[in-house]
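Chains as they are written, first to last, in our numbering: chain U, 1 to 424; chain H, 1 to 149.
Think of the hints as simulated: they come from the structure by calculation, not from any bench.
All figures in this text were calculated on a predicted structure; none of them were measured in a lab.
Every residue gets a Cβ at the ideal spot worked out from N, C-alpha and C, and that includes glycine.
Errors might be hidden in some of the hints.
Stated by the list, open to error - The list that follows gives simulated cross-link-like pairs (lysine to aspartate or glutamate, EDC-like), each with its CA atoms no further than 16 angstroms apart:
1) LYS418/U <-> GLU50/H
2) LYS418/U <-> ASP3/H
3) LYS17/H <-> ASP174/U
4) LYS40/U <-> ASP3/H
What the hints assert, rightly or not - Calculated Cβ distances over 10 angstroms to all of chain U for the following chain H residues:
5) ASP3
6) LEU89
7) LEU109
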Amino acid sequence: MTTASHALTNSLPPVAPQSTFDVERVRREFAILHQKVNGKPLVYLDNAATSQKPESVLRTIDKYYREYNSNIHRGVHYLSERATQAYEQARQAVQRFFNAGDPSEVIFVRGTTEAINLVAQTYGRKHVGAGDEIVISAMEHHSGIVPWQMLCQEKGAKLRVAPINDRGEILLEDFEKLLGPKTKFVSLVHVSNVLGTINPVREMIAMAHRHGIPVMLDGAQAVPHVKVDVRALDVDFYAFSSHKLYGPTGEGVLYGKAKLLEAMPPYQGGGDMISSVTFEKTTYNKLPHRFEAGTPNIAGAIGLGAAIQYLNQFDWEQVEAHERDVLNYATERLLSIPAVRLIGTAREKTAVASFVMENIHPHDVGTILDQEGIAIRTGHHCAQPLMQRFGIPATARASFALYNTRTDVDALVAGLQKVLEVFQ
Amino acid sequence: MSDLRDLYQEIILEHSKQPRNYRAIPAANHKAEGYNPLCGDHFTVYLTLEGDTIRDVSFEGSGCAISKASASMMTQALKGKSRADAEELFEKFHKLVTGHAESNGAESLGKLAAFSGVSEFPVRVKCATLAWHTLQAALKGEQEAVSTE
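Make the full structure from the sequences, and use the hints.
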């Protein structure tokens, strides 16, 4: 069997591009959506926590384990060669997906959290010292706060926080004022998991670069909804998780500009990240393998590749238009309920409707909606400082994916009427 | 809606809207903070102990209907009780909300039996028991905030 035919057996036949976005056709690809929960049709609105997976992703992972499961980069045998090829094809799919310059700039990690920790512990530890500053924003997820806090504690550096307005938008002038000679790094969320705000990252990156400061973006909530081009953004590091992008859990991506990655010390030591090892000295492997110690999540990477292949059948503008329509409809319907207050009303936002209800705790809202078959997230969403900013303990959050519809929104609103009935 | 009415019984909704003993006791000789990091519920429980007897008990803080009503009804149930009574009541209450109550368990709990519906909603057990865990910490005189995680 030739190498070329391996490629064909690994990947699924390409799906014909959809000329118009047909949400009912999309929904048929997600078997999990078609079930009853508590006797009611499931309405899944917790996509910012994790998205569901289409059949093609499930089949690809199943096929890997059934037909060519094997360790990569080492074996000389047929299965290993095939698995290696599929794993590296997934890397190329990611590279094309967000337009990285080279596949070696795509590092497979466990998820966004690990990617941020990797950068903090390698680039950060090398370049941040006592008295230096790291700038983040007031809408960071805990994973965009704690790794930098840990680094600051270790180095005697200081964390500076760019404030936001009541809509949930970063105050650009205040952000720019924080940047100076002491600033060694900027780490920002691209899209807020609580507010849905799409931050003006291109502008913010340009501001930081004028001071020679590198920028990392947490793209976990961005890549499923916004077309990302890392080279157009000129971003230095970019991270996202597979499981929020219709792929499997336990898999994620760190993008880094090659010149930055090459100068960074390794993150974890072990197999695959070395070129040669003696007891006296180890020579580290080339990119991207230097940052992928140990056997990686092979099925995870291949599954992520399948998720990207799944998304490639769509015209991105049509996906964005569909999701915008559902979000706008949700916003309008939620605002029609007097007891509901939206948290996060940025002019540029996507796919997330966070809200609180007068005198009713989000947790109670979540339980009652669950009885109606509606899955939302309630709580602080791993963003406690943001909750403090808005003076609330928690929110209820409905978050949307490409398979959600206006009908789902109608179910949510009907569910909220039940909440009001119980608490009248 | 029957399941929901089991959880959100009238008495629970009423206490959540108008919690009893919802105040600080500045001269309390025992006090503890309780926190549920999952949902952000946060309560302080104040106790005035005379010897072994709970003379006064109150709470402050924020939380969902279940946690607030539970705290409110707990303070009502505890006044005048001994330490040992309080411990025993918590044990019975815990069994009730986790679905391990003995057949006559609910009867001896009085009004607190209204929380039996919680056992059908396992993720809400933490809400119902937060005030009780905090009470236990206050009785032991623990200074650290307790957490249900």
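Each hint, compared with the structure:
1. Using a Cα cut-off of 16 angstroms, the hinted pair LYS418/U and GLU50/H is violated, with the two alpha carbons roughly 46 angstroms apart.
2. Taking the CA atoms of LYS418/U and ASP3/H, the gap is about 13 angstroms. The hint holds against a cut of 16 angstroms.
3. For the given pair, LYS17/H sits about 41 angstroms from ASP174/U by alpha-carbon distance, which is inconsistent with the 16 angstroms threshold.
4. As the CA atoms of LYS40/U and ASP3/H are separated by approximately 14 angstroms, the hinted pair is consistent with the 16 angstroms bound.
5. Residue placement check: ASP3/H does not keep its beta carbon more than 10 angstroms from all beta carbons of chain U (closest about 6 angstroms).
6. Distance check for LEU89/H against chain U: the nearest CB is about 24 angstroms away, which clears 10 angstroms, and the non-interface claim stands.
7. Annotated as non-interface, LEU109/H keeps its C-beta farther than 10 angstroms from every C-beta of chain U; the closest such distance is 22 angstroms.
In terms of the numbered hints stated before, the structure departs from hints 1, 3, 5, listed from lowest to highest.
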